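Student: Here's the letter readout for the chains.
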Amino acid sequence: MAAEIIPYGRRTQKAPAVKEVHIVWLTAGLSCDGDSVSVTAAMQPSVEEVVMGAIPGLPKVHLHNPVLAYEVGDDFLKFFYQAEQGLIDPFVLVVEGSIPNEKIKQEGYWAAQGTDPMTGQPITTCEWIDRLAPKAFGVIAIGTCATYGGIHAMEGNPTGAMGLADYLGWNFKSAGGLPIVNVPGCPVQPDNFMETVLYLLYQAAGLAPTIPLDDQLRPTWLFGKTVHEGCDRAGYYEQGDFAEEYGSPKCIVKLGCWGPVVNCNVTKRGWMAGIGGCPNVGGICIGCTMPGFPDKFMPFMDEPPGARVSAGTIGLYGRMIRSLRSITNNTVNKEPKWRHPGTQLTTGYRPRAF
Amino acid sequence: MSTATITQTPAKPRTLVDMNWDPITRIVGSLGIFTKIDFQNREVAHCWSTSSIFRGYSIFMKGKDPRDAHFITSRICGICGDNHATCAMYAQNMAFGIRPPNMAEWIVNLGEAAEYMFDHNIFQDNLVGVDYCEQMVKETNPGVWDKAQRTPAPHAEDHGYKTIGDIMVALNPFSGEFYRETLQVSRYTREMFCLMEGRHVHPSTLYPGGVGTVPTVQLFTDYLVRLMRYVEFMKKVVPLHDDLFDFMYEALPGYEKVGQRRILLGCWGSFQNPDVCDYKYENMNEWGNAMYVTPGVVVDGKLVTTNLVDINLNIRILLGHSYYDDWQTEEKFVDKDPLGNPVDQRHPWNQTTIPRPQKRDFDNNYSWVMCPRWYHEGEAGDKKYLALDTGGGPIARFWATALAGKVDVGYVKATGHSVKIYLPQTATKPEKEFEWHIPKWSNAIERNRARTYFQAYAAACALHFAEQAMKELYAGRTKTFTDFKVPDEAIGCGFHEAVRGVLSHHVVIREGKIANYHPYPPTPWNATPRDIYGTPGPYEDAVQNTPIFEENGPENFKGIDIMRAVRSFDPCLPCGVHMYLGNGKVLETTHSPMFGMVK
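Keeping their order, the protein sequence lines are chains A and B. So the first sequence is residues 1 to 354, counted in this note's numbering. So the second sequence is residues 1001 to 1599, counted in this note's numbering.
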């Protein structure tokens, strides 16, 4: 029998440092599940590409997310118990939703998943975090609720909600020696999250160095720029040309857009496949990726206080630049004068043979 | 605590086994289903549904700027947040006294149509579909799987799958071809959505008074080419599901009882007609009836009303077995509606939400979901408070629209007994007309079937909306926003269809701020616990009436028939449902406390 022919190029393929990684996904924070839903929209990479092994170098990935799981009830929860008992190691813990404060009341629960067999009572989300976070290779907070508290942590909220780093401590380190990785957004931009997961999987596979995070624990390559820096309407801003009402294609900073001071790449990346976004398509930036969201941006539809000064200043310069540019624009909108019919050649070429 | 709703005396003596599923997966949000099953008689004797999350929107929205309401309430739901934003915008428009330009309404309609196309598609074939896939059917009903492989699919020519077994294989999660295709379809439909509303699932371009979307030739081109791809896809999807669902009836005689309940359906209407809708409460009946999905309440197969004023005034929020204190003695915000009709203290305008967290106790309070009911004079005594369901949305929308017989835009037409849906020629398929007929039952299979047909309906409506929007564009009417001032004192209400059913937002404004705000999405209607009169919620009674067809015994029971019953309602519980499988411990008495060991 002939020996198996090993393709020459196989030497390019490396076995990952770990064979399998489980992703244990807790959606039972105070959430809307919008981040899980958002992730089903990701295409760079898609969930199925990661799970089915379409990305080279990755370990085999087992995803345990309640929105997509085949299993139900205990069959689903068994992965959470196995993670707690160290039976599925390594695993990445994903936490979705704000973390309620269960200590501010006498009894009952604000958020829970599953039932405790001893008491017959729901197992609180906080308890799941306490059980799983210290054992995880890495912990990702997905969406602004889990990262910084978000909408459910708004002033006047009854649950005392907060972000995961507020709950576990900003100096928390996972079993893999990593800080919490925050991927904010309300909801998370689909590809931002999947790309972060991909990075951590590369890291677990021994193919990438430690994930670079800023002081708010965000991946630096995703959140290092402002909305304004990536906005295709920033040209209007530069020219001091501001929209007076919604539906205008101009810069909407006077209508409530916080883009100039918000860390987010949505204007560069779009929402899906480069389509959609916020100020680039006429939606004011309400700062939904930020630790100060939502309170520091409300009322959303008022002009941000800082914008009045900067937009006013740019107004003078911008108007002048705009009028100069309109002169030039007028010029470049005309073809050079030698393009014409008739018997004369006026291009500057002096024919010798005709 | 109420007792089982099963009316006939069981043939064999009852032995009840606790079977619980918590969390129920492949839905949005957290839901637990706790049951007592009688395996001898193959019935579910009792069912409780519970939700495990409380966030408190009605509390933290107080005192906020009413213009922020749509941005905030979008965050209620992570799969149909835009339905909330839209509904909030409708309520704002009423409260602020504004009418957006027609172009804005067509853009919102196109966005919302894309939401239905996306959401029903991903739920049907990536979440519900798994309950009918090869892997699941093999595990729960090997006999059905055998038959499926031998049963030719009647519409094989339309969808390309020779047997029912082939369809089931295609539905397997991730490895199934149709499963992966629908995931991809869920993406380009969301791109269509993003074209109109900016971002999925919390839109960026909606405002009271209109939209920020810039209507251009490119905007509509980008939308239309994707829409036509979806139209073509529908010509395969509708017959595929008809084949699958008809097979279930054939393979398991009596399957119509799974998830069956009395026909008590509510639909609050969808897609405004900008020529009629001025958002004035006084004209609400008129513009409600001009919607492209007709609002209505259907009781025992009869259309009781299509008047949004009636629908509004008869909404009642009962406390039920949930973790809240009563507000009967709290402030009454709205005494009379703008037409002078009295408004009940238990109406959302007058509700005060007072959470009281406590231990879960199935004999007492066991859920964070309240009990919305619809007050109907036509019933006797305590029965006046109807536990309407939405059937996951489409079945109620079709039922009300069909009976009302008002909608006719060519692409779709309500006939009085059915709804016709016309899909024009596409790249590889000729024109096709589907017709949804009023079914014999309100049950799991018919809820699912209606979902598929509604996907086609939304696409057909979108063709009409796109034509209208482009007419405006070509005529140069591209304004998308009407300016306004927030009044010091006002009330407003919005009615819409979230993907999975009725949606209402009620706002009271005082001193220019939100004084009271109560949204009622579909799932509180469907997932309510028993109310103060002991009436179970729709999930509860639909499951309690469900016979068990699964071939497994208590040892390896999956509860597939219960799952199919519950999922047919398209649960979406960022306000609540988990299912939990106990180990089949036989109970001594039917009233012993909840028991269920984690395996």
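Among the hints, a few may not be true.
As the list claims (entries may be wrong) - DSS-like, lysine-lysine: derived pairs with alpha carbons at most 30 Å apart:
#1 Lys1062(B) x Lys254(A)
#2 Lys1485(B) x Lys254(A)
#3 Lys105(A) x Lys1332(B)
If you are wondering where the hints come from, they were derived from the structure by calculation, not from laboratory data. Nothing here was measured: the structure is a model prediction, and the numbers come from that model.
Student: Would you mind marking each hint as holding or not holding in the structure?
Tutor: Hints, verified against the model:
Annotation: proposed proximity of Lys1062(B) to Lys254(A) holds, straight-line Cα distance about 26 Å (limit 30 Å). The suggested pairing of Lys1485(B) with Lys254(A) holds, with an alpha-carbon distance near 17 Å, which does not exceed 30 Å. Using a Cα cut-off of 30 Å, the hinted pair Lys105(A) and Lys1332(B) holds, with the two alpha carbons roughly 28 Å apart.
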